[in-house]
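Enquirer: If you read the sequences in order, they're chains E and B.
Counting in the numbering used here, the final residue of the first sequence is number 1636, and the numbers go up one at a time with none missing.
Counting in the numbering used here, the final residue of the second sequence is number 164, and the numbers go up one at a time with none missing.
Among the clues, some could well be false.
[Unchecked claim] Listing some non-contacts, in silico: residues in chain B with all C-beta distances to chain E over 10 Å:
no. : residue
1   : MET13
2   : LEU41
3   : GLU75
4   : GLU93
5   : LYS99
6   : ASP159
[What the hints assert, rightly or not] Distance ranges between label pairs, derived from CB positions:
no. : chain 1 : residue 1 : chain 2 : residue 2 : range
7   : B       : ALA49     : E       : LEU1562   : 44 to 50 Å
8   : E       : ILE1398   : B       : ALA49     : 43 to 49 Å
9   : E       : VAL1397   : B       : ASN39     : 45 to 51 Å
10  : B       : PRO35     : E       : TRP1468   : 35 to 41 Å
11  : E       : TRP1468   : B       : ASP50     : 48 to 54 Å
12  : B       : ALA49     : E       : ARG1434   : 15 to 21 Å
13  : B       : ILE48     : E       : GLU1478   : 37 to 43 Å
By construction, these hints were calculated from the structure, which means they are not laboratory data.
Built from N, CA and C at the ideal position, the CB exists for glycine as well.
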Amino acid sequence: MSSEQISSAQYITHHLTNWTYGQFPDGHWGFAQDGTQAMSMGFWAIHVDTMFWSISLGVIFLVLFRKAAKHATAGVPGGLQNFVEWVCEFVNTNVRGSFTAKNDMVAPMALTIFIWVFMMNFMDLLPVDWLPLAAGALGEHVFGVEPHHVYFKVVPSTDPNTTFGMSIAVFLLMMYYSVKVKGAAGFVGELTLHPFSSKNPALQIVFIPINFVLEFVSLIAKPLSLSLRLYGNMYAGEMIFILIALMYGGGWAMGVFGGFLQLGWAIFHILIITLQAFIFMTLAIVYMDMAHSVAEHH
Amino acid sequence: MNINMTLLGQTITFALFIWFTMKFVWPPIMNALHTRRTQIADGLAAAEKAQRDEELSRQKIAEILREAKTQAQEIMGQAEKRAAEIIDSAKSQAKTEAERIVTAARAEIEQNVQRAREQLRGQVATLAVAGASRVLKKEINAAANEDLLKDLVAQL
Chain E
1339 MSSEQISSAQ
1349 YITHHLTNWT
1359 YGQFPDGHWG
1369 FAQDGTQAMS
1379 MGFWAIHVDT
1389 MFWSISLGVI
1399 FLVLFRKAAK
1409 HATAGVPGGL
1419 QNFVEWVCEF
1429 VNTNVRGSFT
1439 AKNDMVAPMA
1449 LTIFIWVFMM
1459 NFMDLLPVDW
1469 LPLAAGALGE
1479 HVFGVEPHHV
1489 YFKVVPSTDP
1499 NTTFGMSIAV
1509 FLLMMYYSVK
1519 VKGAAGFVGE
1529 LTLHPFSSKN
1539 PALQIVFIPI
1549 NFVLEFVSLI
1559 AKPLSLSLRL
1569 YGNMYAGEMI
1579 FILIALMYGG
1589 GWAMGVFGGF
1599 LQLGWAIFHI
1609 LIITLQAFIF
1619 MTLAIVYMDM
1629 AHSVAEHH
Chain B
9 MNINMTLLGQ
19 TITFALFIWF
29 TMKFVWPPIM
39 NALHTRRTQI
49 ADGLAAAEKA
59 QRDEELSRQK
69 IAEILREAKT
79 QAQEIMGQAE
89 KRAAEIIDSA
99 KSQAKTEAER
109 IVTAARAEIE
119 QNVQRAREQL
129 RGQVATLAVA
139 GASRVLKKEI
149 NAAANEDLLK
159 DLVAQL
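Chain B with its partners taken away, still in its complex shape:
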């Protein structure tokens, strides 16, 4: 229990220990703790931000989907309209074509009928003359009866 130089020794030792702790122990540890705290805070903030971003992109996706759906519907409507148009135009074209063909056919028929009529007319005149001559049993002067025959042919 003697108080002696140990007192001074302990005071100096203590002071040296404090100095060493203050210089070499405390700052690095506090630095590491501080850095870690910052890192954790940053990480948490980043996670929160990512969550927010995810929410945002989810909303964006929904919006894009909605837009795409509207667009698709629009396109489909347009396509339908276009198809109807095409069908309509095809129909009208076909009608015109059919009409044209019919008209052509009619004309041809008309022509043929006309031609046949002409032929028939000629033949009928000849037949009529032959028949008449046979009936009359005498030669008819064709030239003399020309006007009569022509009149007859025209009546046919």
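Just chain E, same shape as in the assembly:
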């Protein structure tokens, strides 16, 4: 929604800026008033809205599933238990299909990824202005802050910190299990002895750096692509919702047209958010499987 006071560019920027708490360049800690201040904080800042929503959604997920798990019996399942079991069964089937080694951590990780990412993506379907306006009103009337300076991004998965955070966790797990299963030497060997190898020792020495560059790039590409795929999809989807929302300021005809567009995009987006959650989960499972497989020859 754009009003007369702010331009489209300001509206979009406002929507794309996180509510940031961090250390100002002069050393004191506080909330950033706008994007430039947030930028100036550098690394020592935290996106309060991202953390708030991701943790809230994660806690909702865990509480619901924990409740179902606590009362899980082998008898006739109730509504919640039925749903939770259905999701778990789905995740378990996927893990069994892609993950061949034995590790009790992978399936819970996949479940966490699927539900949590889905819930964070789902925030995208809420009308883009509802929560930011509510937060603005709350900031203005309760905390006495200028509403324009209240930034509230509600979709945590449009924050690269979230997607990179998750992919880094997956990457660390990959590293840990690679070394644990194959041993440090085995892991180094996997990075340096493929795809080119030779019986000739001199040639092999030449191949090692080439192999390492290739394998290292493909290794690093895994967490990068994992997080950028989710971030890019969600960011673009959010952007389109914001652009559609801009049309509501363009007269009633544009507004009605925008309403239809928003509806259509939201329906299409249901597919995307589910698909992205599913892809993130599946790739994480596949990467874990790669970390566990010992004799892999390319």
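Following the hints, complete the assembly by docking chain B onto the known chain E.
Expert: Structure of chain B alone, referenced to chain E:
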């Protein structure tokens, strides 16, 4: 789009969520699913077993029925045989009894006839003597004609 401490925060949050799911969510649900699967399998097996048992008991029942029928027939045959035997023995007993009775009756009749004959014989002798005396109009010495009379009686 700034990369900052949120990155670490999200990594830690994610790790904690995974840990919680792994500890408290996944195992009970999988347990319940596993238990239910086992229960269903057991139930199906039990149903199959019951079906088999039913089939078996049906066969058993048929066998028992068949046996009972044969036995009944056997018993009936025996009973018939026994009845025939009883009838036969009764018949023979009756025959013997009848014969005995007839024989007794015959003997009695014979006796009576004999007795009547004796009496008649006596009376005839007396009558003969009386008649003869009347014919002769004279007293016959009974003692003298004793031999004659006895001869006469014996001829009767």
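Enquirer: State for each hint whether it applies.
Expert: Each hint, compared with the structure:
no., hint, result
1, MET13, "violated (5 Å)"
2, LEU41, "violated (6 Å)"
3, GLU75, "holds (45 Å)"
4, GLU93, "holds (70 Å)"
5, LYS99, "holds (79 Å)"
6, ASP159, "holds (129 Å)"
7, B:ALA49 with E:LEU1562: 44 to 50 Å, "holds (45 Å)"
8, E:ILE1398 with B:ALA49: 43 to 49 Å, "violated (35 Å)"
9, E:VAL1397 with B:ASN39: 45 to 51 Å, "violated (23 Å)"
10, B:PRO35 with E:TRP1468: 35 to 41 Å, "holds (38 Å)"
11, E:TRP1468 with B:ASP50: 48 to 54 Å, "holds (51 Å)"
12, B:ALA49 with E:ARG1434: 15 to 21 Å, "holds (18 Å)"
13, B:ILE48 with E:GLU1478: 37 to 43 Å, "violated (58 Å)"
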